[in-house]
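Enquirer: Protein sequences appear in the order of chains A and B.
Each step along the first sequence adds one to the number in the working numbering, with nothing skipped, and position 204 is 204.
One gets the working numbering by counting positions in the second sequence from 1 and adding 1000 to each.
Any given hint could turn out to be false.
[What the hints assert, rightly or not] Listed next, the in silico DMTMM-like pairs over lysine to aspartate or glutamate satisfying Cα-Cα at most 25 Å (straight line): (1) B:K1012 / A:D82; (2) A:K169 / B:D1243; (3) B:K1072 / A:D78; (4) A:K134 / B:E1113; (5) A:K134 / A:E149; (6) B:K1072 / B:D1243; (7) A:K126 / A:E52; (8) A:K174 / B:D1243; (9) B:K1072 / B:E1155; (10) A:K174 / A:D188; (11) B:K1038 / A:D129; (12) A:K134 / B:E1037; (13) B:K1072 / B:E1153; (14) B:K1038 / B:E1155; (15) A:K185 / B:D1243; (16) B:K1038 / B:E1113; (17) B:K1072 / B:E1003; (18) B:K1002 / B:E1153; (19) B:K1012 / A:D78; (20) B:K1038 / A:D82; (21) B:K1251 / A:D90; (22) A:K134 / B:D1043; (23) A:K134 / B:D1110; (24) A:K126 / A:D4; (25) A:K134 / A:E52; (26) B:K1038 / B:D1243; (27) B:K1251 / A:D172; (28) A:K126 / B:D1110; (29) A:K126 / A:E143; (30) A:K126 / B:D1043; (31) B:K1273 / B:E1113; (32) A:K134 / A:E50; (33) B:K1273 / A:E135; (34) A:K171 / B:D1243; (35) B:K1273 / B:D1110; (36) A:K126 / A:E50; (37) A:K174 / B:E1155.
I should point out that these hints are in silico values taken from the structure, not numbers from a laboratory.
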Amino acid sequence: MTFDQFIFYFFSAILLFAGLRVITARNPVHAALYLVLAFFTAAGLWMTLEAEFLAITLVLVYVGAVMVLFLFVVMMLDINLDKLKEGFWDYLPLALPVAILLMLEMAVVLGGRFFGLDKYSAPVAKAADYSNTKELGRLLYTEYVYAFELAAVILLVAIVAAIALTMRKRKDTKYIDPAQQVAVKRADRVRLVKMPAEQGSGIRDQESGGSAK
Amino acid sequence: MKEIIIPSGASKGLFILGPILAIAPALAAWAVIPFTEKWVLADINAGLLYVMAITSMGVYGVIVAGWASNSKYAFLGAMRSAAQIVSYEIAMGFALVGVLMAAQSLNLVDIVEGQAGGFWHWYFLPLFPLFLVYLISGVAETNRAPFDVAEGESEIVAGFHVEYSGMAFAVFFLAEYANMILIAALTTLMFLGGWLSPFPFLARIPLVGWLLQDGFIWWAAKVAFVLFLFLWFRATFPRYRYDQIMRLGWKVFIPITIVWIVVVGGMMQTPFKHWFH
Chain A
1 MTFDQFIFYF
11 FSAILLFAGL
21 RVITARNPVH
31 AALYLVLAFF
41 TAAGLWMTLE
51 AEFLAITLVL
61 VYVGAVMVLF
71 LFVVMMLDIN
81 LDKLKEGFWD
91 YLPLALPVAI
101 LLMLEMAVVL
111 GGRFFGLDKY
121 SAPVAKAADY
131 SNTKELGRLL
141 YTEYVYAFEL
151 AAVILLVAIV
161 AAIALTMRKR
171 KDTKYIDPAQ
181 QVAVKRADRV
191 RLVKMPAEQG
201 SGIRDQESGG
211 SAK
Chain B
1001 MKEIIIPSGA
1011 SKGLFILGPI
1021 LAIAPALAAW
1031 AVIPFTEKWV
1041 LADINAGLLY
1051 VMAITSMGVY
1061 GVIVAGWASN
1071 SKYAFLGAMR
1081 SAAQIVSYEI
1091 AMGFALVGVL
1101 MAAQSLNLVD
1111 IVEGQAGGFW
1121 HWYFLPLFPL
1131 FLVYLISGVA
1141 ETNRAPFDVA
1151 EGESEIVAGF
1161 HVEYSGMAFA
1171 VFFLAEYANM
1181 ILIAALTTLM
1191 FLGGWLSPFP
1201 FLARIPLVGW
1211 LLQDGFIWWA
1221 AKVAFVLFLF
1231 LWFRATFPRY
1241 RYDQIMRLGW
1251 KVFIPITIVW
1261 IVVVGGMMQT
1271 PFKHWFH
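Please build the complete structure, drawing on both the sequences and the hints.
Expert: Here's what the structure looks like:
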């Protein structure tokens, strides 16, 4: 076994274990962290394919941003797993055939006559100065520029829609405009008052009050 | 307390994992940082992407520690930190997009070589808004004052590491300082010309010229300067209010970086393009 193969099987084993734990872990936070491990290991596997841009982007986007927000939500929710698993045995008779069918379909496609792994030769190793990132960028911005721009616009619409749907102005928040805060002058807040010194009459009053008793 | 005490309600495995997750990315990112053009462990083409991906994982240490401690203060600190780091990472990433447009490379050595020829060629001048955004986002990203609400002593005791003691606590602090040095090194490489000398003619001075030519000594001096800025900010500014931190990140920094990326892209199509790279 070469070192490459060792890395592949090592990472695959971790990936399968992590994927299994995502669906079997009792604690949702643990499950989410196993999903992080799964993403990271998958990135490692892509790296061995010399697809460094995809691998690093997977870590950057999914591990660095999406899963952080996911964990953020999962940590704050009080999820009762027993309640979620209530209908498990009722749905099993339906779910099992669906799962088996899916497995069969995948086996037919991947192991079949036309798509089997033996039908494709291993990808040719690229020269050391070949930049995956540059090639991908060149393709995206020349040949597939319309599809790429369309995808970007759809994402933008989704962002705007998500904000527009959930945005509500609360009337009771005490929001302060920072521009106004910065523009405040000393004269607006502080008033210096000059008053003549007073005679210390307070002490005598107290004494007289005390003697009256 | 020198002993590592694990609270009885804590999630034990994750409680130990927290500090490890904090320090591991801070050290792993150094693999691609060049000290001089020859002195680099892994001179890879996607160096800038690698650094961004690895540093974006540092937040897990804080979140995992905060959640595993099973304490409200720690949890609040973790939540604040998660929201803050994710917000500022976007501005930071956009600032780096400007750098890679100017350098036309993701390789950190190439980025520094693109700034050769005196300090007026360094990227902090044409990319000045991005330089400021990157520097301030770097302070926010490392949870340093005035952005240290994740551990805000006055409100949530010590935030995410309130339950930690002994070496586990120390590892959090080592991670914070390792991240600081890393951000300082990255700022130096991207905007301040890395190991390049600010005045190339200094190398021609007899006797001391070999010391003042391009080399590690300039790299170290610039990193030390940026680190000094970190400490200076901490000593000068009061802590930001949390909603204002979010406003600064989303409503000020991200628009600035987007506008300046368009400016850089536009200027590159004009006769003035030699100013920008």
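Enquirer: So which of those numbered hints doesn't the model satisfy?
Expert: The structure breaks hints 14, 20, 21 and 26; every other hint is satisfied.
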